[in-house]
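Throw the hints in and build the complete structure from the sequences for me.
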Amino acid sequence: MDLLLDPYQSEFMRNAAMASLLVGVLAPVVGVWIVLRRLSYLGDAMSHGTLAGVAAAFILGVSVTLGALVAGLIMGALIAVLGTRRRLGEDSVIGVVETILFAVGVILISRNDRKGVELGHYLFGQLTTVNRNDLLLNGFLALVAVAIIVLNFRDLLASTFDPIHARQVGVRVDLQRYVLMVLVSITVVVSLQTVGLLMSVAMLVTPASTARLVTNRVSSMTLVAVGVGVFSSLGGLTLSYHLRSAPGATIALTSAACLLVAFAATAPSRRHVHHHGADNTTDPEAVSVAS
Amino acid sequence: MTTTTTTNSALTVDDLGVSYGPVHALHDTSFTVGWGELVAVVGPNGAGKSSLFKAICGLVPATGHVRLGEVHCHHQRDRMNAAYIPQQSDFDLDFPITVNELVLSGRRRFLPPWRRPRLVDRHAVSDALACVGIEALGLRPIRALSGGQLQRAFLARAVAQEAEVFLLDEAMSGVDAPGTADMLTVFRDLAEQGRTLLVSTHDLALARRCFDRCIAVNGRIVADGPPATILHGDTLDATFGSGSAVAGFSLN
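Chains as they are written, first to last, in this note's numbering: chain A, 187 to 477; chain Y, -4 to 247.
Calculated directly from the structure, the hints in this document are not laboratory data.
Worth double-checking, as some hints may not be accurate.
A few chain A residues facing chain Y, derived, Cβ under 7 angstroms [to be verified]:
no., residue
1, 340
2, 344
3, 355
4, 356
5, 402
6, 403
7, 407
8, 446
9, 449
Derived list of chain Y stretches under chain A, where covered just means 3 residues or more per stretch with a C-beta under 8 angstroms from a C-beta of chain A [as the list claims (entries may be wrong)]:
no., region
10, 46 to 58
11, 104 to 110
Because the structure is a prediction, the values reported are computed rather than measured.
For glycine and all other residues, C-beta sits at the position ideal for the given N, C-alpha and C.
Below, the structure is given as structure tokens:
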């Protein structure tokens, strides 16, 4: 018991725990949709691209949150515009846009290092600097993001599973995609101090992927993902205190360990379901037919 | 006179055309389908069957006119009485969604703001499941369904949507023989209740055996009539390319 509670004698560790908890809840709730839409690469790119907005905001002295959101919106718009040229694959477009914004961020930071902007803080997180104001802002952002998903649950479900039908019955499928990109930006902002830019995608993708292996409904997938997320963030933080390791990386590895456990535990049943599905639904014609 | 035509036809397609850039997928396409008709739409891959269905539902930009019942369709919301059911290969069949949730998504236009389903929507879902004979499968995840059961779940979604015109894209692909027989029974039940079904297929034997009317498409309407009359040499050549009639294409 002491091993679990010892780290949290000091206030800065209690703040760090609260910040980790917020990430542990928010990132998996958003991540479920990223995983289901197979947008992990987009999530990764958005987190890196956010650096430009964070750096610009810091230098201009405006809110880092605002900067990150603007960077997210610019990224979404750039991907949409470049993506209209069909000859460019979407993954290539995402790769190019990610690099532009990440490079701009690195240049902005490198030219202003005397102002105390430290690249490492953004890239890997800086849990020990979390204060009460950060917690309030992050808590508010997380609340808004989770509320958007809860209130929008059915439309998100419909447009993720069958976008064509969703569009037909009046869901604004393109808008859903943009909202999701904004939610990823918010998640990156909330993750900034905890796991940092480079590893925020870990909390976005790993708990949701773990839940994907063991559930058959999006609602239960979300609950399991949040469970894994909270366990990883608090467990990882506690572990990092005892091991004197970097908290962000320890949290990322803890969630990866959960995935590996779920992977091993579900191995036989996944194989069974695959066979079952193949018997019933796969037909060479069904794949080749397109008129 | 106009009034009579209007009430008699469930779907009127007038001079419909679909282009993807410089490629004309469909042109000069006009036909009328009555209430309760069960129609096979045949044609080879790339003939424009999917484009035709998507254009009717307003899912691809198209020229020409579409009328559903008495409604001239100008906007997306005018077209919700038509339900497009895509090919199974378009879906992630491992997606974590239950049959109930899938069918409920058809109710969207009836749901209150915030989309919380009411009791009446829950009833509509179970009625729709009963209508296609899978009332016991509501709680199953779709990945536990057979091809035929999944296709019926999509039909139930269209029923819950209160659609009157059903457009099924290659509905029989990925469905085994008993499943196909069950599907045809459901098609007939739905048609008897006054719903109009257009089913695209490249299986000419099936079209000949099980449908009363057949529309052959290849970039335009090649033929339209009873399968026994239109599925012969010249039409087959025009639809599937020369030699297909000689080779006995799918007519076994």
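In ascending order, which of the hints set out earlier in this document are inconsistent with the structure? 8, 9
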